[in-house]
Each structure stands twice: as structure tokens, then as C-alpha cells.
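S.K.: Residues per chain, in single letters:
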Amino acid sequence: MPTHVVSSESEIVDAVMTAREWTSPLEIVAGGSKRNFGRAVVTMGSVLDVSGVKGIVAYEPEELIITAAPGTPLDEIEAALAQKGQRLGFEPADWGPLLGEPAGLGTIGGAICADVCGPARLRYGAMRDSLLGFRGVNGFGEAFKAGGKVVKNVTGFDVPKLVCGAFGTLCVLTEVTLRVFPRPPLSTILRVSELMPEDGFALLRRLWSSPLEATGLSFSHGNVLVRFEGEKEPLAEKCAAARALIGARDVEDVEQGEIAFRAIGSGEIFVDEPYDVWRVFVPPAAAAQVAAQIDSPLWLADWAGGLLWVGALPGSDVVRAAAAKAGGYATLLRASEETRERVAVFEPEDAARAALTKSVKAAFDPLGLFNPGRMWDGV
Amino acid sequence: MKLAEPDSDIVAHGEEIAAALRAIVPDGVVSDAAGLAAFDGDALTAYRQKPLVTVLPRDAAQVAAVLRYAFEHGVPIVPRGAGTSLSGGALPRADGILLSLTRMNRIKEIDLDNRCVVTEPGATNLSITRAVEGRGFYYAPDPSSQIACTVGGNVAENSGGLHCLKYGLTTNNLLGVEIVLIDGARLTLGGKAPGARGLDLLGVVAGSEGLLGVVVEATLRILPKPPATRTLLAAFASVPAAGQCVADIIAAGIVPAAMEFMDRRCIEAVEAHCAPGYPKDAEGVLIIDADGIAAEVDHATARIAEIARANGAQVREAREEAERVKLWSGRKAAFPAMGRLAPDMLCMDGTIPRRKLPEVLARMAEMAKEYKLGFCNVFHAGDGNLHPLIIFDVMKPGELDRAEAFGAAILRLCVEVGGVLTGEHGVGVEKRDLMPDMFSEADLAQQQRLKCAFDSGGLLNPGKVFPTLSACVEGGHMHVKDGRIPFPNLPRF
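Chains A and B supply the protein sequences, listed in that same order.
Residues in the first sequence are numbered from 1 upward in steps of one, following this note's numbering.
Residues in the second sequence are numbered from 1 upward in steps of one, following this note's numbering.
These aren't lab readings, by the way, just hints derived from the structure by calculation.
This structure is a prediction, so every number in the text was calculated from the model and none was measured.
A virtual CB, placed ideally from N, CA and C, is assigned to each residue, including glycine.
You may find that some hints are simply not true.
Stated by the list, open to error - Examples of chain A residues lying across from chain B (beta carbon under 7 Å, computed): (1) Asp14; (2) Trp22; (3) Gly125; (4) Asp129; (5) Asn138; (6) Gly141; (7) Val151; (8) Pro182; (9) Glu233; (10) Pro234; (11) Pro284; (12) Ala285; (13) Gln289; (14) Ala363.
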């Protein structure tokens with residue numbers, strides 16, 4: 001497939017105008033770390049390589065915002081923020097290794113398009129809660145902007161929300177502005193071991209409903225993992241309060257706990273395992289029941305139970321049915337290309353919703369030029 | 001601002017439309033002039049317009065039937081909650097149905113296990129907190145009209161409040177909605193499970209000002225109530241010092257629960273009104289709340305006080321709840337205090353980069369001389385959301401026009417310094433004509449195409465948000481659905 005390498009918004013406009021002329025679709029790629037996530041793009045066109053549209057445009061720590069070109073590596077953004085004692089709120093995870101790519105390839109644009117959020121989503125919100133504004137090129141070949149560059153804005157439709165998790169099916173991003181958060185100086189991770197799932201999830205929800213503002217509440221292999229962050233004294237008080245709330249059980253301080261949370265966000269335990277990997281989104285109170293129904297040999301939970309990571313035998317449809325029954329849904333994050341042709345990667349939509357999705361897609365990209373078929377047939 | 005001429009054809013069929021709505025909602029249609037007077041506008045008081053007819057459905061099925069009727073007959077429809085919009089979002093049309101959701105005010109479910117409340121749209125904002133506070137929870141978005149404003153209106157306007165920097169706007173606390181589309185189809189977006197299951201349509205419905213669909217149910221995130229709150233008052237001899245203090249607090253990694261700035265004019269007005277005890281010689285004061293667990297709040301207040309003093313402030317901490325309430329009473333009385341100085345008031349709502357505050361205040365003082373009008377400023381300093389209050393007398397010839405021109409100049413200034421036209425009040429009719437100051441033609445065209453994806457006939461809340469009405473086109477052709485042409489009375493272009 002031919003590849004267009006672009007390095008500016010005007011070059012992207014040119015590439016889209018050419019694609020329009022020939023009605024020749026574009027697969028939009030930057031770092032390429034998540035190319036194996038989603039349905040295979042209908043590839044009778046070209047690859048649009050936007051990795052050269054990169055660099056931090058403006059970083060204003062006192063305004064709590066950063067503006068960058070979408071091809072900027074996540075590592076570069078996180079390093080710049082760390083220098084000023086700040087960070088991204090949604091704790092982007094690196095899904096590269098899980099998807100068969102090297103680590104460290106991810107870009108901020110890719111994280112936005114795939115809505116990559118890690119354990120801290122629980123406390124600071126998802127990608128969509130951080131993206132304040134963007135510039136992009138739509139399928140008409142027009143450069144446009146939406147949202148703003150301030151933390152509080154309701155001017156016009158909140159289009160930034162819509163591009164988060166849209167997998168590049170609506171427009172090609174050319175600049176993004178994100179809200180950032182202070183980085184607490186210290187963190188403590190507590191572990192409670194040997195819990196049955198039912199009890200583990202109940203404990204997660206008790207902590208979640210307390211005012212202790214945990215920034216991580218996960219469960220795997222019988223262990224509840226809790227992360228608190230802050231200044232020294234407040235942190236000590238939170239941990240003491242958490243221990244009191246947990247009760248008589250043994251509570252251990254985990255050394256290297258940050259590594260444990262990074263592994264949870266990136267689905268590390270599945271990397272070398274033969275399973276398909278699902279992300280199952282459920283009402284937290286239904287997590288234990290859904291996990292029991294799926295009965296997977298390898299799974300873990302994050303976001304106080306709202307997210308289950310599930311390993312399943314290739315092609316299994318148990319996962320999606322169990323999620324749906326509990327009022328949730330499931331995304332097939334990793335599977336062979338063959339499986340992804342057979343099994344819907346994203347939750348299938350009913351007729352009314354599918355019609356609206358298609359209308360929205362057409363409002364941005366009526367010719368279906370951008371990543372066609374990546375999410376569903378025609379989108 | 002000029003409102004659109006009503007469609008005389010629709011107006012002529014008013015009785016027929018009212019009769020059709022009565023068949024759907026037998027006990028909830030208002031069509032007599034006296035009754036309609038109660039629905040002739042919202043909190044943007046300069047504009048008054050009676051609707052053709054008001055309908056007050058009791059459930060989602062009736063809402064769907066009303067929308068279906070409007071769709072089939074090409075009648076504009078304006079959704080309305082409590083009518084507290086400051087931007088004219090619920091301003092009726094003489095040729096349109098006003099759809100009031102206030103009778104749908106039932107809280108349907110309190111689900112503490114999933115930390116959420118499911119409610120009908122007409123429930124008031126405050127009623128959500130009232131329903132869960134006994135169990136130690138609350139609903140965070142707290143627009144100042146929270147005793148009256150409804151959840152449905154909050155979703156439509158993406159309402160904010162004093163605590164947005166730490167807790168977000170409505171959209172960040174909204175888990176799901178059921179909406180009715182213009183053709184009567186009902187759709188659930190989001191829910192108790194996290195994430196968007198596909199395109200984040202919930203994200204774009206929130207804050208869409210009633211242009212995309214009508215919310216008939218909302219699922220709201222509730223938060224555990226912080227065990228401790230402490231309040232500081234910091235008084236500054238200059239505005240730049242106050243601005244620097246705000247920047248330093250943020251740079252120190254502190255996210256206060258609230259951080260409110262009032263300028264000298266505002267301090268004078270509230271002191272005359274309710275004497276909250278602010279230093280009268282100050283050029284500006286900050287009222288700062290820290291909340292959380294006790295040790296965290298102690299740490300934050302100590303740091304904030306230190307930073308404020310380093311910026312030359314006199315700092316006072318409220319020692320007890322009564323004093324805390326008193327410190328806040330001045331901020332909360334800013335509106336009525338200014339209201340005593342003149343019969344009419346415009347409350348503007350731009351957001352600016354925080355560091356631009358001194359520059360913006362100085363330029364506004366210059367503008368006030370030019371427009372010969374009184375004004376003052378309250379500022380959600382944490383998130384840069386500026387609320388200039390302009391006072392005038394609508395009975396004095398030319399004053400409304402001057403006030404609107406002054407307001408528009410302020411908002412243009414907000415955009416010029418890198419900010420936006422509205423931080424939490426919405427565009428509505430008030431800021432509609434300023435949209436081209438912030439957005440290019442391509443930006444607005446993209447938003448209007450999104451509108452068309454939901455409402456190709458342009459029937460939902462027409463005349464709001466967008467300065468010009470463009471007919472929806474598909475591939476260069478006029479969109480014709482089921483044989484009907486949208487806007488049949490408009491010249492084709």
C-alpha cells in the first residue's frame with residue numbers, strides 16, 4: 001500500500017483533497033502501536049503517516065494545559081510534564097507489547113483516538129475528560145478546530161469528546177490541547193491478599209465510596225491493590241483510614257507498587273498468553289457476577305470493578321453476552337486478524353444507534369475516507 | 001439582537017397544533033395568552049417571547065409523541081427545564097412548541113453500590129444532593145441556580161458552578177442519558193458501565209443546548225462528601241498580585257475546591273448589601289476553599305495562606321462554620337448586590353487564561369468609560385471563568401443596546417487573549433452572533449453538519465447557538481426526508 005508521509009496540517013489537507021478526488025481511503029497511522037486493535041481497515045487506498053506531525057506547541061503549567069501535535073510521542077509529553085511536577089490525568093497505558101509491537105511507540109494522538117486510559121481514570125476521568133480542544137482535517141478536506149484552550153468551556157458542541165475513542169474515523173487530528181494535573185509527590189500502594197472475588201469487589205467498592213480518593217483500585221489473583229497519592233502527612237492519614245476501613249485483615253505495603261499498576265493498565269499478564277484479550281465494561285457492582293459467569297482462566301479488574309480484563313479462548317462469545325446481561329459491553333482488544341473479521345471488535349449497535357453513528361460519521365467524512373471499517377462496517 | 005420572524009403559516013395553525021398536543025398530553029397543554037405569559041423567557045430577561053403553545057408531558061413516551069408530531073408537521077420545538085438559563089437557551093418562539101420537562105421530576109433510582117442516581121430531567125440539581133446526603137454522598141456540579149435549575153437543563157447547558165476545577169462540569173459527572181430524537185426515536189447513551197461503547201455521543205449531547213435531542217433520563221455520578229472543608233479570605237492591594245497568587249497556588253500542585261475572585265467594585269457593592277466583612281481598601285479578594293480529608297485540607301490551607309502572604313495578601317481564615325458561611329455570603333450575594341444599583345443586569349461569562357486577568361480587568365475598565373455603564377467582576381479564578389456583571393436600565397433609551405455592545409466587546413476580548421465566549425452559561429441567543437469571533441466558517445460548518453446528523457430539519461431549538469441557519473445538505477443536495485423539504489418557507493440557496 002502506498003504511504004503518504006506528512007508533517008503539517010496543510011500537507012494533510014492536500015492528502016485528503018487527493019483522497020477525495022479518487023475516493024481513495026486513508027489508513028491514518030502515527031506510532032503504529034495500536035494498528036492491530038480494531039477491525040482491519042479496508043485497505044484499497046493509502047497509509048497516511050502522521051508521525052511527522054509532532055512536537056509540543058505550548059505548555060503552560062500554570063494554566064494546567066498542554067498543546068501538542070498529535071504525532072508527539074507520549075513519552076516526550078510525560079517527560080515535559082514531569083519536569084514541572086505535572087502529569088496526564090488518564091494515565092495512558094502502553095498497549096504496544098500486548099498488540100505485538102515494541103514498547104514506547106505510542107503517540108498522544110493515538111492515545112486519544114483509542115481512548116487509552118489506565119488505572120487513574122477512576123479518579124481523574126477518561127481521555128475525554130482531558131481533551132479540551134483540537135484542530136483537525138475533516139473528510140471535506142477542511143481544516144477546522146473545536147473546543148478551546150482553557151479548562152472550562154461550553155462554546156459550541158463538545159466535539160473533542162466525540163473524537164476520543166473514534167479511532168480516527170471522523171477526522172485527522174493536527175493539534176490537541178489537554179488538561180493536565182499536578183503530580184503528587186508520593187504514593188503508597190496497599191495490598192490485601194487471599195480474597196474471594198465477591199469479597200475483593202465488595203472491598204473495592206467500599207474504598208471507592210469513601211472520601212479517601214484512591215487513584216487506583218484493582219483486583220487480580222485474589223489481591224486487592226489500592227493506590228493513594230499525596231503529600232507525606234495526608235498520605236499517611238489516608239493509608240491509616242484505609243487500614244481501619246479494611247478491618248482486621250492483613251494489609252501490606254507493596255514495594256514497587258507503581259510497576260504493578262503500570263502492568264495492570266497495559267494488560268501485561270496477557271502479553272505472552274495464547275488468549276484473546278477483552279476489555280469488559282460493567283457497572284462496578286456487577287463485576288463479581290460477570291467475572292464468575294465468564295469464568296476465565298486469566299483475568300483482572302480495574303476501576304473499582306468497572307473494567308474487567310479477560311483472557312478468553314479465540315472466538316469465544318461468552319464474554320460479550322455476560323457483559324450485556326449486566327448492562328455493560330465489551331471490546332475485543334487483542335485477537336488474530338481472522339478472529340477480528342468474525343467477531344465484532346466493538347459492541348454491535350442496534351439499528352437506531354447504528355443509524356445515528358453513520359449520520360455522525362457522514363457529518364465529518366461523507367465519502368468514508370478515514371480508517372473505513374475500523375469500528376464497524378462502514379464506520 | 002434580532003429574533004427571527006415567526007412563520008405565519010405555523011402561527012395560523014396554532015389551535016390545531018394545541019389540539020393535537022392535547023390528544024397526546026390531555027392535562028398538560030397551555031395555549032391561552034395568560035397561561036403562556038408564564039413561559040415567555042428565561043433568566044436572560046432582556047428577551048421576552050410567548051410560545052405558540054406549551055406542553056408539559058409526564059413521561060418519556062409523551063415526549064416522544066410530541067417530538068414525533070413536531071417532526072411530522074415541521075413545527076419548531078424549544079425544550080425547557082426551570083428556565084434559569086442566562087443565555088436565552090430556553091427562549092420560546094412565537095411559531096414553536098415549548099416543551100417543558102418540569103413535571104418529569106422523579107428521581108427513579110438511587111444506586112449507592114454503583115455510586116449513581118438515575119433521574120428524570122425535571123428534578124432540580126439540588127434535589128439530587130438532598131436525596132443522597134443522608135448516606136454521605138453529594139452531586140458535585142453546583143450552578144448558583146441549583147435550588148431551581150433542573151438536571152435536564154444542566155445536561156443541555158453543561159452547567160458548571162463554583163467547584164469545576166476540582167470536580168468538573170456536568171459532562172464530567174454524567175454517566176448516561178436517555179434521549180428522544182426529533183423523530184421520536186428513543187436512545188440510551190452511556191450508563192452505569194464506564195466508557196462510551198462506540199462513538200461518545202453522550203459527550204456531544206451534553207452541552208448541546210437542546211439542539212440535538214431531548215433528555216428524558218439522566219444517570220449522574222455521586223461523590224462521597226469530603227469530611228473537611230476550610231475557607232480562607234485573601235485580600236490584595238493590586239489585581240496582578242491576586243493573579244500571581246492564583247498562578248502560584250496552581251503551580252504548587254494544589255487544586256482548591258473553589259477559588260473565587262471579586263474586584264473592588266464588587267467588594268463595595270456586596271459590603272453595602274450584606275457586609276460580609278471584606279477589607280474595603282482591597283483591590284481584589286480571593287475566597288478559597290480546600291476540601292478532602294482533614295490532614296489534606298490542613299496541608300493545603302497552610303500552603304495557600306503562605307503563598308497568599310508571599311504575594312502581599314492579608315489572609316483570614318474562617319474559624320467556624322458561621323464565619324465560613326459569612327465569607328461566602330458576599331460572593332453569593334454579588335448578583336443581588338449589583339441588582340440594587342440599577343434595575344437591569346447582564347451577567348457575562350467568558351473564560352480567559354488565568355494569567356491574563358490583570359490585563360483583561362484593566363481593559364474592561366477602559367471599555368466601561370466608553371460605554372458609560374457600571375460593572376463589576378466576579379471570577380472563578382481556579383478555572384479562569386470570568387463573570388462581568390453589567391448594570392443598566394432598560395427603560396433608558398439606548399442602554400440595553402450599549403450594555404449588549406459592552407458585553408460583546410468583553411467576550412471578544414476574552415477570545416482575543418486566548419479564551420472562549422462562554423465557560424458555563426452556554427451560547428443560546430445571547431452569544432449566538434459572536435460565534436464567528438471564535439470560530440471560522442469551517443469550524444461552524446462542521447458543527448452544523450453534526451447538528452444535521454441529529455436533526456436534519458433544524459426543528460430542535462432553532463435560532464440558538466448558530467448565527468446563520470444553513471439548510472442541511474447531503475453531498476451537495478438538499479436533504480429531503482420522507483418527501484418533506486426542511487424549512488419550506490425559506491428561499492433556496
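S.K.: A separate judgement is required for each hint: does it hold in the structure or not?
M.R.: Each hint tested on the structure:
1. Asp14: This interface hint is violated because 16 Å lies over the 7 Å limit.
2. Trp22: Hint violated; Trp22 of chain A Cβ to chain B Cβ min 17 Å, cut 7 Å.
3. Gly125: The hint holds - Gly125 of chain A has a Cβ within 7 Å of chain B, the shortest such distance being about 6 Å.
4. Asp129: 5 Å, holds
5. Asn138: It holds, given that the least Cβ distance between Asn138 of chain A and chain B is near 6 Å, below 7 Å.
6. Gly141: 10 Å, violated
7. Val151: At about 5 Å, which falls below the 7 Å cut-off, the nearest Cβ of chain B leaves the hint on Val151 of chain A intact, so it holds.
8. Pro182: 3 Å, holds
9. Glu233: 5 Å, holds
10. Pro234: Since the shortest Cβ distance to chain B is 4 Å, the answer is holds.
11. Pro284: 6 Å, holds
12. Ala285: 4 Å, holds
13. Gln289: This interface hint is violated because 12 Å lies over the 7 Å limit.
14. Ala363: 4 Å, holds
Consistency note: the structure conflicts with the earlier hints numbered 1, 2, 6 and 13.
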